Amino acid sequence: MKAEARTILYFLWNHFDLLNELFEEQMQKGYLRRESLANILKKYEHDVSDKLHEYKILRSINEDFEIRPVFFNLVEFVQNEFKPVLPETIEKYGFSITNLFKKIKEGINGDKEILIKRIEDVLSEVRHFVESIEKNTTKLLQETRALKSNIEKIDYREKVHRASGWIEHYIVPLNEILDVNQHGSLTNQLHEVAYFVNLKRLDFHDENVRAQFEKLYSFLIQTNDDLLRQSKILTNELLPLIERIKTESLILSGWIEFLRRPYHTEVPRLFKTSRENTYQRNFYLVAKEYLEQFLVDEPVMVEEVTAFQQRWIFNRDLYKAKLEAKLPIEDFFEWCGKTAKKDFHELNQEKFFSLVSLIFEDDMILEADKNAPHTQLQLEDAILHVPKVKIDKHGIS
Amino acid sequence: MEYPKSHKHIVKELLDGKFMLHSDPLYQILKDNRDFYEQFFKESFNYELRFNNDFAFLLSTETNETLSRDICIFFALLSYEIDRDGRNFIEEIQYSEWDMERINQYFDNTTYIELVHSNKQLRDHDSRATFINALSRRNIIEKTTEGRFIFTAAYKVFIDFAAELAKNKVKEGMID
Numbered sequence: 124m125k126a127e128a129r130t131i132l133y134f135l136w137n138h139f140d141l142l143n144e145l146f147e148e149q150m151q152k153g154y155l156r157r158e159s160l161a162n163i164l165k166k167y168e169h170d171v172s173d174k175l176h177e178y179k180i181l182r183s184i185n186e187d188f189e190i191r192p193v194f195f196n197l198v199e200f201v202q203n204e205f206k207p208v209l210p211e212t213i214e215k216y217g218f219s220i221t222n223l224f225k226k227i228k229e230g231i232n233g234d235k236e237i238l239i240k241r242i243e244d245v246l247s248e249v250r251h252f253v254e255s256i257e258k259n260t261t262k263l264l265q266e267t268r269a270l271k272s273n274i275e276k277i278d279y280r281e282k283v284h285r286a287s288g289w290i291e292h293y294i295v296p297l298n299e300i301l302d303v304n305q306h307g308s309l310t311n312q313l314h315e316v317a318y319f320v321n322l323k324r325l326d327f328h329d330e331n332v333r334a335q336f337e338k339l340y341s342f343l344i345q346t347n348d349d350l351l352r353q354s355k356i357l358t359n360e361l362l363p364l365i366e367r368i369k370t371e372s373l374i375l376s377g378w379i380e381f382l383r384r385p386y387h388t389e390v391p392r393l394f395k396t397s398r399e400n401t402y403q404r405n406f407y408l409v410a411k412e413y414l415e416q417f418l419v420d421e422p423v424m425v426e427e428v429t430a431f432q433q434r435w436i437f438n439r440d441l442y443k444a445k446l447e448a449k450l451p452i453e454d455f456f457e458w459c460g461k462t463a464k465k466d467f468h469e470l471n472q473e474k475f476f477s478l479v480s481l482i483f484e485d486d487m488i489l490e491a492d493k494n495a496p497h498t499q500l501q502l503e504d505a506i507l508h509v510p511k512v513k514i515d516k517h518g519i520s
Numbered sequence: 010m011e012y013p014k015s016h017k018h019i020v021k022e023l024l025d026g027k028f029m030l031h032s033d034p035l036y037q038i039l040k041d042n043r044d045f046y047e048q049f050f051k052e053s054f055n056y057e058l059r060f061n062n063d064f065a066f067l068l069s070t071e072t073n074e075t076l077s078r079d080i081c082i083f084f085a086l087l088s089y090e091i092d093r094d095g096r097n098f099i100e101e102i103q104y105s106e107w108d109m110e111r112i113n114q115y116f117d118n119t120t121y122i123e124l125v126h127s128n129k130q131l132r133d134h135d136s137r138a139t140f141i142n143a144l145s146r147r148n149i150i151e152k153t154t155e156g157r158f159i160f161t162a163a164y165k166v167f168i169d170f171a172a173e174l175a176k177n178k179v180k181e182g183m184i185d
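Chains as they are written, first to last, in our numbering: chain A, 124 to 520; chain B, 10 to 185.
No lab work stands behind these hints, which were simulated from the structure alone.
Possibly wrong hints are sitting among the right ones.
With a Cα cut of at most 25 Å, we get these calculated DSS-like pairs of lysine-lysine [unchecked claim]:
hint	chain 1	residue 1	chain 2	residue 2
1	A	Lys235	A	Lys258
2	A	Lys395	B	Lys40
3	A	Lys411	B	Lys129
4	B	Lys129	A	Lys395
Note that the coordinates shown come from a computational prediction; the quantities given were computed from them, not determined experimentally.
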């Protein structure tokens, strides 16, 4: 009975170290020998050999085993560890794409279902083609960087020998596949396909087929960008390999090693700046330094805090009544002065003008002789020159 | 207590995480009072004062790992790309005057582009410009004119790290 999908994924997550070890073994040897499998399994606490078969992760080949391609590819992908494929293997995509393209052109007016299937297949083949190119360049970059870094300390002759091998068997043939300047290159074939697909996505009479052409066209545009990038890697970095490995530097070897796992290598310590907080151990010194600034002998003025005094409030109604009771008043300002002195025991501006404000009451009738001389009134905090203002009577009464 | 001349300035510069370069007049005062400052930073803050013929800097028990890692990635990629360009990367870093255009050209075209894109401080032109400013604040670069700059001797901290890493890997006999 087939296991639940989640159970298999959980198993993979739970036993990834084991799976990775099996993957590395198969990368090296091409398959898993019965003894190697047993030895690797022994290292782990739980015996999961039954599960490996039940979940169809392993497949028997006579006495030995291999990881099924789907799981192998998964680990390959997540670990970014690829086995380079010989360019002649990649070329097969060229044949299948050309063949399918030919059939599409021939059967363009034929069975619609078959046409759609062929378009889908072209897309799938192009996808596989791009993936194998990317895998190869990734692996070639890793290998050539390792050669450049030369941590193994192999001598120059051996380095050149290995580099020549990579160039002859992988890099040059791969470049031929991608080279747009070569008439028969796979990149040029894809351009031809893209040109045809571009026309058909616009003018094909059936909407479904047109949609398929559209999808393929978008994919081919993206593919073109991807292949250009890969081609650039080849011409900039891989083809000049012999030239590049001529020089060797310990520092560069260190950097290449660092760049293999930049987030898993201990880096130099760098001073961490921080803000000053009261709980920091250096706060005492910071505070001391700050306070020392004020240890200079300069005269200091200390202002005494004045005692709280109740605020004086003018009782307007009371003094309005007093004013009305005295009416008529011959000299209003004189009355204000006298009243302030008598009632408030002081004659300052605040008290005086509080009383003066009564003059603005609506119902007062005022009289003043413009030609009469002003009299001087001495307050505690000011000297005022005031006219003689007579208040006749209360307006209402 | 009598402090050396420019004491406050020296302390501030070092506490700001700057590399105090040989060309800086403060470096000489620091050098003349080396024993005092070693003791001063140790006892006041528990920081270690590192000193060599090119520069001086502080080390704390806490480290700014992110910045240090990004600086390492920066120098690693730059060295790799200069070498790929067929030039002597040490000479270029040590003597060339740089601008953002050249830095961007190397970083935009590197085969480590996935690493570049995944790094917040190096992923695009704007973040790289900010990063270069961060290097300037630490005196790892010195701005010259019109957006150009040179690397100061402080780059040696990171170059030495790479050389040490390679030596250790060779010792470990780490073979892929």
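For each hint, the structure was consulted:
1. Lys235(A) x Lys258(A): Violated: Lys235(A) and Lys258(A) sit about 35 Å apart, past 25 Å.
2. Lys395(A) x Lys40(B): Roughly 23 Å between the alpha carbons, so the hint for Lys395(A) and Lys40(B) holds.
3. Lys411(A) x Lys129(B): 40 Å, violated
4. Lys129(B) x Lys395(A): Roughly 19 Å separates the two Cα atoms, so the pair holds.
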